[in-house]
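**Student:** Here is how the chains run, residue by residue.
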Amino acid sequence: MINEFSREEYLLKGNAACAGCGPALALRYVLKALGSRTVLVIPASCSSIIAGAYPKSALKVPVYHIAFAASAATASGLVEGLEAQGIEANVVVWAGDGGTVDIGLQGLSGAAERNHNITYICYDNEAYMNTGIQRSGATPYGAWTTTTPLGNKGRKKDLPFIMAAHNIPYVATASPAFPKDLVNKVAKAQKIRGFKYIHILAPCPTGWRYDPRLTVKIARLAVMTGFWPLLEIEHGRLRLNSPSVNLLDPARRRPLKEYLELQGRYRHLSEEDLKVLQRQIDEQWARIKAMLEVQEELEDQVEQGQGERQH
Amino acid sequence: MREFLTGNYAAAYGVKLSRVEVVSAYPITPQTSVIEKISEFVEKGELKAKLIRVESEHSAMAAVIGAAFSGARAYTATSAQGLLYMYEMIWWAAGSRVPIVAGIVTRAIAPPWSIWTDHSDFMTLRDAGWAMLFASSAQEVLDMTIQAFKLAEELMLPVAVGWDAFITSHTAEPVEVPPQEQVDYFLGEKKKSPVAVDFENPFAHGALAFPKDYPKFREDIHRTLKAAGEVYSNIERRYCEATGHECYGLVEEVFCEDADAVMFIMGAAAGDAIHAAGELRRKGLHVGVARIRSIRPFPRKEVEKIARRASKVIVFDRSYSLGFGGVLATEVRSVLHEEGVDTPVISVTGGLGGSDLPPEYFEKIFLKGLGV
Amino acid sequence: MVELPVARPSVGAAGKTGNWRLFKPSIDYRKCIKCLLCWMYCPDGVISVSGEGLPVIDYEYCKGCGICAEECPVKAIEMVKEVEG
Chain X
1 MINEFSREEY
11 LLKGNAACAG
21 CGPALALRYV
31 LKALGSRTVL
41 VIPASCSSII
51 AGAYPKSALK
61 VPVYHIAFAA
71 SAATASGLVE
81 GLEAQGIEAN
91 VVVWAGDGGT
101 VDIGLQGLSG
111 AAERNHNITY
121 ICYDNEAYMN
131 TGIQRSGATP
141 YGAWTTTTPL
151 GNKGRKKDLP
161 FIMAAHNIPY
171 VATASPAFPK
181 DLVNKVAKAQ
191 KIRGFKYIHI
201 LAPCPTGWRY
211 DPRLTVKIAR
221 LAVMTGFWPL
231 LEIEHGRLRL
241 NSPSVNLLDP
251 ARRRPLKEYL
261 ELQGRYRHLS
271 EEDLKVLQRQ
281 IDEQWARIKA
291 MLEVQEELED
301 QVEQGQGERQ
311 H
Chain R
312 MREFLTGNYA
322 AAYGVKLSRV
332 EVVSAYPITP
342 QTSVIEKISE
352 FVEKGELKAK
362 LIRVESEHSA
372 MAAVIGAAFS
382 GARAYTATSA
392 QGLLYMYEMI
402 WWAAGSRVPI
412 VAGIVTRAIA
422 PPWSIWTDHS
432 DFMTLRDAGW
442 AMLFASSAQE
452 VLDMTIQAFK
462 LAEELMLPVA
472 VGWDAFITSH
482 TAEPVEVPPQ
492 EQVDYFLGEK
502 KKSPVAVDFE
512 NPFAHGALAF
522 PKDYPKFRED
532 IHRTLKAAGE
542 VYSNIERRYC
552 EATGHECYGL
562 VEEVFCEDAD
572 AVMFIMGAAA
582 GDAIHAAGEL
592 RRKGLHVGVA
602 RIRSIRPFPR
612 KEVEKIARRA
622 SKVIVFDRSY
632 SLGFGGVLAT
642 EVRSVLHEEG
652 VDTPVISVTG
662 GLGGSDLPPE
672 YFEKIFLKGL
682 GV
Chain L
684 MVELPVARPS
694 VGAAGKTGNW
704 RLFKPSIDYR
714 KCIKCLLCWM
724 YCPDGVISVS
734 GEGLPVIDYE
744 YCKGCGICAE
754 ECPVKAIEMV
764 KEVEG
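Chains as they are written, first to last, in our numbering: chain X, 1 to 311; chain R, 312 to 683; chain L, 684 to 768.
Please note that the accuracy of each hint is not assured.
[To be verified] Each computed DSS-like pair below joins lysine-lysine, with the alpha-carbon atoms no more than 30 Å apart:
1. X:60 <-> R:527
2. L:717 <-> X:180
3. R:612 <-> R:527
4. X:217 <-> L:707
Keep in mind the hints are simulated off the structure, nothing from the lab.
Hey, can you work out the whole structure from these sequences and the hints?
**Tutor:** Okay, structure coming up:
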């Protein structure tokens, strides 16, 4: 497996990422998948700092830092300008959850609707981490943040399905605990023409309150408990990826507690809170199951219809 | 070739002749016919540009900045609320050193809602590091738009070209549209922007700068813009040589040489002020009009020269710095004080929200200024 | 000369981040099976692969996060308390 990964490091060591930073790990994989003919657009986020302060850049690819709400629109102009001049390159937005689901959502929606040939990757550490762990629209129910000190009462905004509703050619979720899956998805996205959206759940030791050594373990448990399904929606067709494809059966999911108890931000969670979270996960999977069933039924109908017409 | 064009259509022709590669805009009255005409040019194949019909003005400015980052020539246009919505990115454009051009069809700021002209929106650009030119005829809109692309490249700064809502934007007049060859000759080869994407020697643009490093970026913009008067004059001269169109400099002087009272004014209303000055001249009164065509760079030398010659200066503003006073008046006073010119300056602000400014209005102001 | 807000690629953009460590990952090469999962999961890319296919840690930049120790399937990496000097 390792041999399929480029040995080239585009995220240079000695950068400002916290020890054990999930987003940094994810970015490392993303750039290995994309290569050097890539220009990153980075809105205000942890990566604005990880990318390095003047005069040093920690990234070996062109980077345009941009204002918080402006990443998708800036990337739109960049890609159209490159195309106008006949220049080929990967144009990729690398944005945090805040800059995607909240302040960046209008621009993201517009860019997706216009179907520009860009890949928008959201690295989701579930809060405004760069400014000191404040709640975002991606913060899950029950999580401590500095602006939800008693636990978030809101619910995590479902960006992957919102983006699928824009009828873009490719939507995917990913995790740094499953690097091969992540790299495959980024590579696949680059081959598709049009707007691609990839959402990576990237644990943050500083904000999620855990020993940095557990980043990959926690990322893995997020998937194995069913909290974070690995999936793709390609031209409107939903597909679960391994290992999530095996988790349609709730009995095969790891107990949610195994994921939550490793994180200090869930320390105060009551039994009631736990039930609420579990219910949300169950609902999420019920919806996925229903979609898969409807999809299969429609495909059967189409097949039958084609069969009947042949007679 | 002579065409009968509104100010807005003239801007679209300017964009077409400048071979703009990316246009991104969001509709707002009274800018809409600029982008409608550009859309027509693009769809007919007369302008080979990518048109990004963004979902907001903030995104429009972000998109043209992005286009400039790709090395493409880019343009947008807006007014009032739209300009305010994109204001964060306006600063980003100047700080980025991108050579973009924006048309500002000046419109009063809400509330109350107004679609008519005043200069409040345009004036918000003063501090942001943009070059600011103001046209008062459709011809000038076309000429300044083309000149702006050259100026932007030379300064490595964005340039705004302003013109008044409806009076200039929607009023048609004969416009001399230069042939493409003349404009190509004038603009020359597109200059490679040093902030355009480079895959061979990659860099990160706009990274965090600690306090010891930050000032020099701002100081460079300040120095460059301050010294831009001569850059623009040279560019305008070369444009006039290439096209045979008229040159005015940073300030157009009408009846100013022996004027007792000179009015500094910007925009379409200058026409009415000039008409008023003409009438008063006929009655033997020595008044003149100095029409300001650029406020960034501020025409320090011209203002000083004209003020020294006159015994009274009237500065007419179509906007306030609310709570302080007329914007141009403030700047004129400041420059005259710095240069030790003690000609008294009267500040008059009017025409807000598109309120009418007929020649009689300016006659009264001149008479008051002369103490008659 | 124009002052442009551009930064150039550089190792150590945040300095010698090895100084951040409280614990240092120590590889027992006798146990190492050369799976390179440590190389894979290091967020900072401070682990390189030697000619023999062994993971080598750049201690100048290793932040001591411990992910390599946690993920090593044969527990060949131990987080050892950093000693002064």
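**Student:** Taking the earlier hints as the rules, which of them does this structure contradict?
**Tutor:** none
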